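Now for the letters of each chain:
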Amino acid sequence: MATNIELRKIVKSYGDVKVVHGIDLTINPGEFTVFVGPSGCGKSTLLRMIAGLEPITGGELLIDGERMNEVPAARRGIAMVFQSYALYPHMNVYQNLAFGLETAKMPKAEIAQRVAKAAAILKIEPLLQRKPKQLSGGQRQRVAIGRAIVREPRIFLFDEPLSNLDAELRVQMRVEIAKLHNDLGNTMIYVTHDQVEAMTMADKIVVLRAGVIEQVGAPLELYNSPRNLFVAGFIGSPKMNFLAATGSGNAVNVAGGTIDVGRPTTGTVTLGVRPEHITLAEGSGVKLADVRVDLVESLGGQTVIYATTADNQPINIVLEGQRDVALGTMVSAHIDPARLHLFNAEGNIV
Amino acid sequence: MSDATGLTVVTGAVSPTRKRLTSILIHVALLSASVLMLYPLLWLLAASFRPENEIFTSASIIPSSWSIDSYIRGWNGLRTGFGTFYLNSFIISGLSVIGNVMACSMAAYAFARLEFKGKNFWFAMMLMTLMLPYQVTLIPQYVLFRQLGWVNTFLPLVVPKFLAADGFFIFLMVQFFRGLPKELDEAAQMDGCSPWRIYWKIILPLSTPVLATAAIFTFIWTWDDFFGPLIYLSEMKSYTVMLGLRTFTDSTGESDFGGLFAMSVLSLVPIFLFFLFFQRMLIEGIATTGMKR
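In order, the protein sequence lines correspond to chains A and B.
Just so you know, the first sequence maps onto residues 1 to 350 in our numbering.
Just so you know, the second sequence maps onto residues 1 to 293 in our numbering.
These are calculated hints, taken from the structure and not from any lab test.
No experiment lies behind these values; they were computed from the predicted model shown.
Ideal Cβ placement from N, Cα and C applies to all residues, glycine included.
Treat the hints with caution; some may be incorrect.
[As the list claims (entries may be wrong)] Cβ-Cβ distance ranges computed for the label pairs, FRET-style: (1) N182(A) x R178(B): 38 to 46 angstroms; (2) N164(A) x A29(B): 46 to 54 angstroms; (3) N182(A) x G94(B): 54 to 62 angstroms; (4) N182(A) x W196(B): 38 to 46 angstroms; (5) N120(B) x Q113(A): 43 to 51 angstroms; (6) P140(B) x N164(A): 49 to 57 angstroms; (7) N182(A) x L130(B): 56 to 64 angstroms; (8) P38(A) x P140(B): 51 to 59 angstroms; (9) G77(A) x R146(B): 53 to 61 angstroms; (10) A124(B) x N164(A): 50 to 58 angstroms; (11) N120(B) x E152(A): 39 to 47 angstroms.
Input sequences plus hints: build the corresponding full structure.
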């Protein structure tokens, strides 16, 4: 059932403006792939080209080895869940689910059976006679997913499906979509700008910027080994700290101090440190810098410290548990050198 | 004035008597304006029930004696009965409504949703037709229809409506369709719909307010149209209600004003009923197509 998708040098232009610049990507059968990136990076455009809603300017799209560039959306075996749900307002939930099957001229009995099955999976049986306006955001989202399920597609596409939900519902639906993937086993592509969604749901994350893939990999691979400054800054919350530094031999000079990074470095570099990898305890790792505490956020399970180095570079620290840190005091930030990331002047990993 | 907390307290409460007086004055003013506006209609209604000799002798809106003679005389008084005029008007107005709603919505759907060569050019051309006065195209149209042999038939009054000739309604519908979320079309596209099925199954059912608006105005304007039927219809048996009303007044002989006023009142009834019916749809349409995300 699971399907393979291959993108070969995919290009998208609107007139003279090129927005997607030759994307090469393979999505393996049954994989949950997340396209992530800031607004305007081309992630939705890429998804819409795969869906068949946007013509492909150049390159080739293959689904199970078959060229799909000219195949209409409905014949690609793809179902899509839209950001705004796009439920037909004048139809009730049953009609919304059945519409695609009626269009395909499927026998009524089979339509009823498929709708019932999808409704049972998504637990929306009591809602079948309601109109979309009588549903809550989460219920609408379920119906939108149900509309995709009934078609029994080869591939599911999700275009920022949770962005209209409140924080609590978003977490709940995130879990449900992940479960759905486990149950159905279909190939799924999910577009989001929320890196937490990407990290928690994906088998594979594709980080995009300005129509170009910056890095492809498993969530922890991207977290542990970002290829460049952009990926390092985009993956992880709170964002990775970037400190201007100068390399000299195996050491770097940063924030008035020197750290042995265990690899040869020269010239201007950027030192990347994740806030959660910094400690204040003496003796754990090496001293990164003495920093002044500007603000403390106590979240209960974590304490977030916003601080400044001696050379006025901002640095954030996330500490486990509840910590009593006074504002304006100087504290000593420590780090395990193995968890440091070094980027050269071009922003690439050293 | 400041209270103990230092906040300024506003003490501008209006007394109940003054409030009531203002309300009475406003109501009196509004009622007077309403009476002023309704007076001609009420006078017409009263005149239609007055005996012929009293019509122009009283300005009152209540007849001294009630009579339906004018209605009987008006309905049967002409060579062709008024029922025929009604039927003709209903045929022309009904077909115009169907034609305008269907054809204009299809043209508007194409402009709002489909991509085709020269779309912007044709849209601009359509907008330009809005700026042309009716009288400018009247003569070329007449020549065309005469060559087609359509003069003295309903065709010149009806056929153009099926060809999306009314730029105003196309523009109105284009604006409405553009307001419908494009994702609905895309979802339907993913569901396997052709552009025609998207138009028929998604766009039209969601457009009842604008379709009702187009239907109401087309019916009223066609029903009330005097000039078009005057140009194209010459035989009395094909006259519309508006042309029929004209035959009650005669510059050379005797005019039947009682019959004229009675039939004028009756001519308003279909418009009133049509408006009532479609106005409900218009409100329902707005209420049920809430596109809240």
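Hint check results:
1. Evaluation of the 38 to 46 angstroms hint for N182(A) and R178(B) yields a pass: the beta carbon distance comes to about 41 angstroms.
2. Range check, N164(A) to A29(B): Cβ separation about 48 angstroms, and the 46 to 54 angstroms hint holds.
3. The hinted window of 54 to 62 angstroms between N182(A) and G94(B) holds, with their beta carbons roughly 59 angstroms apart.
4. A hinted range of 38 to 46 angstroms for the beta carbons of N182(A) and W196(B) is consistent with their spacing of about 40 angstroms.
5. Separated by about 47 angstroms at the C-beta atoms, N120(B) and Q113(A) satisfy the suggested range of 43 to 51 angstroms.
6. One distance hint, 49 to 57 angstroms for the beta-carbon pair P140(B) and N164(A), holds here, with the actual separation near 54 angstroms.
7. Between N182(A) and L130(B), the C-beta spacing of about 58 angstroms keeps the proposed range 56 to 64 angstroms intact.
8. Between P38(A) and P140(B), the C-beta spacing of about 58 angstroms keeps the proposed range 51 to 59 angstroms intact.
9. For G77(A) and R146(B), the Cβ-Cβ distance of about 58 angstroms falls inside the hinted range of 53 to 61 angstroms, so the restraint holds.
10. Distance hint for A124(B) and N164(A): a CB-CB separation of about 37 angstroms, inconsistent with the stated range 50 to 58 angstroms.
11. As the Cβ distance of N120(B) to E152(A) is approximately 41 angstroms, the hint placing it in 39 to 47 angstroms holds.
Checked against the numbered hints above, the structure breaks only hint 10 and satisfies the rest.
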